[in-house]
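Student: Read in UniProt numbering, the sequence shown has 330 at position 330, and its numbers run on one by one without any break.
Misleading hints may appear alongside valid ones.
[To be verified] With a straight-line Cα cutoff of 20 Å, these simulated SDA-like cross-link-like pairs (lysine to any residue) come out: (1) Lys547 to Leu618; (2) Lys284 to Gln347; (3) Lys103 to Glu117; (4) Lys552 to Lys569; (5) Lys574 to Ile489; (6) Lys45 to His92; (7) Lys335 to Ser308; (8) Lys517 to Glu479; (9) Lys595 to Gly522; (10) Lys569 to Val451; (11) Lys561 to Lys595; (12) Lys45 to Asn63; (13) Lys284 to Gly403; (14) Lys561 to Gly403; (15) Lys38 to Ile12.
What the hints contain is simulated information worked out from the structure, not anything from laboratory work.
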Amino acid sequence: MLQEDFHIPDEIIVGKLHSLFTRTSNKWSYKNGQDHGKHDLSWWKSEVITKWANNSWRLKIENAFERAIFNSEKDKPLTWFLKQKHRLCALHPDISDTMINIKILRKCGGELEHAIECRCVEPCSTEDYMNAMEDIITRTRLGNTWTRIPMESKMVPKISREDKRPERPVLKCQKCGSTSHLDNTCTKKKKINEVQVIEEVQFTEEKEESDLYSAVPEDTPVEDYPIENIKDFFEVTEVHTHLPQYSEDFHNLINIQDSRMCKTKPARAKVSLDTGAFCTCVGKDYLQTILPGWKNHLLPIEGVQFSSASNNLYPLGILDTNLVFPHQAGSVRMKTKNLIMDNCTNQHIIHGNDYLNVYGIDIYNHKDRYFTMGENKGHKFAFSNMPKQISIVSTKKDTYKEGFVANQLFEAQINPSLSPKMRHELIDVLYRYNNAFACDNEPLGAIKGNVVDITLNIERLYPPVLRRPAYQASPRAIEALEKHIQELIQLGLLRKVGHKEEVEVTTHVIIAWHNDKSRMVGEFRALNTHTVSDRYPIPRIQETLTKLSKAKYITSMDALKGFHQTFLKPKAKKLLRIITHCGIYEYLRMPFGIKNAPSHYQIMMNTIFPTELFEGWLIIYIDDIIICSD
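Assemble the whole structure, with the sequences as input and the hints as a guide.
Tutor: Structure (structure tokens):
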């Protein structure tokens, strides 16, 4: 530290070094200095390592690091952080700053570790982590443990024998509460339920709950009622939720005097009041059952991502819907904007926090659970359950799961020695995280942060070997070539070069056939000859087999068109232009067959999974991934 930070000469550091030794080490340094004379700092460093850096010392340092759990009441942040850093550097001299930060943060506890990681989002140095840790502890006092504050000592007064006697209970009537007589001689009637009367209630409480949701008689014509500006409404018949919300004063409710005056089309809808939902949404399958023509009124939505607790949600658009919450003393009409989700399997409309707050929906978890809307707390709306819908949702999930197994797992090779229970559990895990697996019919992924460049060992003008004409091909090969080019253009991997653009390097392509299946191959041998090599190491087979020998279960997977998921720099795109009978095309992503493609991809994968590779249970060989587990 003295050399790096203050640039102090070795002689001064060696003189300061002797004062740091104590007891046995002090005698050893004094005797060693007399026997060998003056030496530089590197000589003393090697002597100290030879003398003291043995197995017992390493075990002592490892145990000290394992026991070092941060406590803001006892430890100072900077001192504690530096001490743990020095211990790690002593145990692992070649350890990187990233691994130092990861290991030390695990010693800070959940809340403090999360706060530091949120503060240091981008790759930061150890000093940035230390400063962030000290600032967070100073501002929030995270990491403190609760301690009892001692109360002021007071003289305890002596209690006499008379004071220790328990007070005699006062006898009173259980019917009227009077102390003049008991309940067996009381003439008043016994109060069974004493409930305070709410003045705002505009209807009698003695009516049955079914009367609040009674339907309109069939013989009553709807046209006899004065209805104005009523569009297609959904009459809410079932609501599920919990936890209360708060009302907003700026949004007024629209009350209808009589629920029989409402025209609803369709007549029934189901709503779930979800306080954990960010916005109001509904699945397309359930919407199709209650409003078949919803696609004609769908508004587009772009650039927004949504997710639930277990899956990603794909929005199709926004739809204006009208809801009526029927009540005999005055129904409530509500106009909402719903997000239409493609893969939402719920059989009801989900009311999120956006409209729960706007319309002031308060939920009361009493014996008889109910909710109110707006400032009129006398209008109580009851809840109901959907026991029959659970089997429907489960059936749909089973249908989706069968489709996932048939369409996406047909190429997966599962160990036949697994028991049926283990095989079923494995398929459940794969289905739960099905979004992690790519398919041919989905958009091709794009890895950000790693752009490939190509450097040539020659200068312009380039030799004729890099400007090749198109190959002569048979009609069968031409047809297959056109098909492959159109597929790559649709995937965003190729673009056609304009006739006014300067073209210096062109590579021809050929069609290779195997089992009556064609494949387009670029002839990049001339370009690879003049490309500067990238000397990044690829994992050795022997080391990989050694790690595999310790695993009980082995899971292997590979990336779908992994090379095509990597971006190219503009200079590299100009060098990766192919020429065909129908024109010149330019690669927009890294193609197969170029010289440094494996090393570039290996660097990218090692950068994405540094922690997993360090722990040793993950093996990556270019685009093949192996997981070793017990």
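Student: Any hints this thing doesn't respect? Which numbers, in order?
Tutor: 4, 7, 12, 14
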